[in-house]
Each structure stands twice: as structure tokens, then as C-alpha cells.
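Chemist: Turn these sequences into a full structure, and let the hints steer you where they fit.
Read in the working numbering, the sequence shown has 90 at position 72, and its numbers run on one by one without any break.
By construction, these hints were calculated from the structure, which means they are not laboratory data. No residue lacks a Cβ here, since even glycine has one placed at the ideal position from N, Cα and C. Some clues are possibly wrong.
[What the hints assert, rightly or not] For lysine-lysine, the following DSS-like pairs were computed, each having C-alpha atoms within a straight-line distance of at most 25 Å: (1) Lys28 with Lys260; (2) Lys241 with Lys98; (3) Lys28 with Lys74; (4) Lys74 with Lys260; (5) Lys260 with Lys185.
[Unchecked claim] Just the calculated beta-carbon pair ranges, DEER-fashion: (6) Pro147 with Val37: 46 to 52 Å; (7) Gly52 with Val181: 51 to 57 Å; (8) Arg184 with Asp116: 37 to 43 Å; (9) Gly229 with Asp50: 44 to 50 Å.
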Amino acid sequence: MLDLLDFGLKQALSCLFAVSIVLGLAITHFVDFGLARYDTMLVWCIIVQIVLLATKIETRDELLVICMFHVLGLALEVFKVAVGSWTYPDEGLLRIGDVPIYSGFMYAAIASYICQAWRRFDLDIDSVPMIPTMITAILFYVNFFTNHWLPDMRWPLLIVVAVLMRKTWVRFRVRQTVYRMPLLISFLLIGFFIWFVENVATILGAWSYPGQEAGWTLVHASKIGSWMVLVIFSFMLVLWFKQRKKSLVA
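Modeler: Listed below in C-alpha cells is the structure:
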């Protein structure tokens, strides 16, 4: 029971940035601050980042990774909104095209969770075949763009990752006990919980999928696969960043 409580506390702390975004969406959904909603969200996300860094809940290295994911996420958002994959229904002046700048922070929140969970749970991961897995992770990101004109390679690429990581386990420390699980299962679980939060976010008007304009509907379960893909891509970039830093220190 004590291990379970410690696990829950560490997960909550690791999700702090993501939870703060959902909290900001909930508050701005009901309260008018006299500023366009999405601009208010941008200010809110920046303030939260400053607080997390000042209180050392987040490290400078983690902030660097978060900024990188903000840029990558924003680029993906600009493209996806342009081709009609989803829209942002509320007001905001600080935009790139039809995409509010705050939206990049939602991708950054995934990177923030991975970085903080890695540190808090003292993660130890079996050797990952870096080059083929990194190439596959990059192809995941590219596929988000190309699947509008070429066949969607998400599921074949997931099969490739499943083969590459079929024997890879992750170990995590809870109090004095070390637990382990298959790395692929952790990707699936994180993807599921992001999909759950995505449903909450779309209820709060963070963005809208086609078919949700007239009224909210449950986000299709196939999005769990999309989020799992994004988690794998994020994980591989964080792993590369950590290995790169370790080699520089050595």
C-alpha cells in the first residue's frame, strides 16, 4: 500500500505540467479574463513553466527538452490544422496561421512527463537498438505529415517497434523496491491516459475534431494508437538527449 501511494505521488508530480494545462483550460472555459482565451492559456503556460523551474520541480535540461517539443509540436499543429484534421474554435491573437501558440505546450507536456518520470522513478531501461529505433521514431513523425497523400504507415511502423523492443524491459524504483514491466506496455498505458485526457480537453474546447463542432462526441479509440506513436517518438528523443549528455559528461 505504501508503494502504491508513493507511486501515485510520483506520477502526480510528473504530470504536474500536463495537469496545469487541463486546469487552465477548465478555468478559462468558465472565466473570462478580458483576454482572448488562447492568449490567456499561453500566458498561463509560461507562468507555470517559470514556477516549475524556480521551484526546481523541473530542471534546466528538462526545460530544454520541453522547448524542443514545443517547436516540433507547433510545426505539426500548423500542418494538421491547415489540412483540416482539427480546428481551434476559440479566440486568440497569438497564432501561427490558425494555430494558437499555446498548443505547442500540450506536446511539451508529454516530454515533461517523460523527463520527470524518468528522474523520479530512477528508470533503468534495457539496451535499445538505437539506430533502427530512432529511424523508426523519425518515420513516425514524418508519417503524421505524409499520411494525407501516402498510405498511413503508423501500424506497420508500430509492428517494427514491437519487434525491435520485444525484449526490452523498463525498471522503476518505488520507495526501496524495483519493479519492472515491458517497455511497450508502458507506451500503451501512457497512450491510453493521454487519450483519456484528450477527451477532457476537447470537452473544454482545447481543440475540436471534425464532427465535434455541433456537439462533443467521444474521441475515436484509434487515437490511442496515434498517441502511442507520439509517446514512442518523444521517448526516443529524450533517450537520445540523455545519452548525448552522458557522453559529453564522460
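Chemist: Now tell me if each hint is right for this structure.
Modeler: Now the hints, each set against the structure:
1. With a C-alpha separation of about 20 Å, the suggested pair Lys28 and Lys260 falls inside the 25 Å cut-off, and the hint holds.
2. Proximity of Lys241 to Lys98 is assessed by CA-CA distance (about 14 Å); at most 25 Å being required, the pair is judged to hold.
3. This hinted pair checks out: Lys28 and Lys74 have alpha carbons roughly 15 Å apart, not beyond 25 Å.
4. Between Lys74 and Lys260 the CA atoms are separated by roughly 19 Å; this keeps the pair inside 25 Å, and the hint holds.
5. Distance hint between Lys260 and Lys185 is fulfilled; the C-alpha atoms sit about 21 Å from each other, no more than 25 Å.
6. Under the hint 46 to 52 Å, the C-beta atoms of Pro147 and Val37, about 34 Å apart, miss the expected range.
7. Gly52 and Val181 have their C-beta atoms about 54 Å apart, which keeps the hinted 51 to 57 Å range intact.
8. Separation of Arg184 from Asp116 is about 41 Å and conforms to the stated range, judged on CB atoms against 37 to 43 Å.
9. Judged by the Cβ atoms, the range 44 to 50 Å given for Gly229 and Asp50 is violated: they are separated by roughly 27 Å.
Of the numbered hints listed earlier, those contradicted by the structure are 6 and 9.
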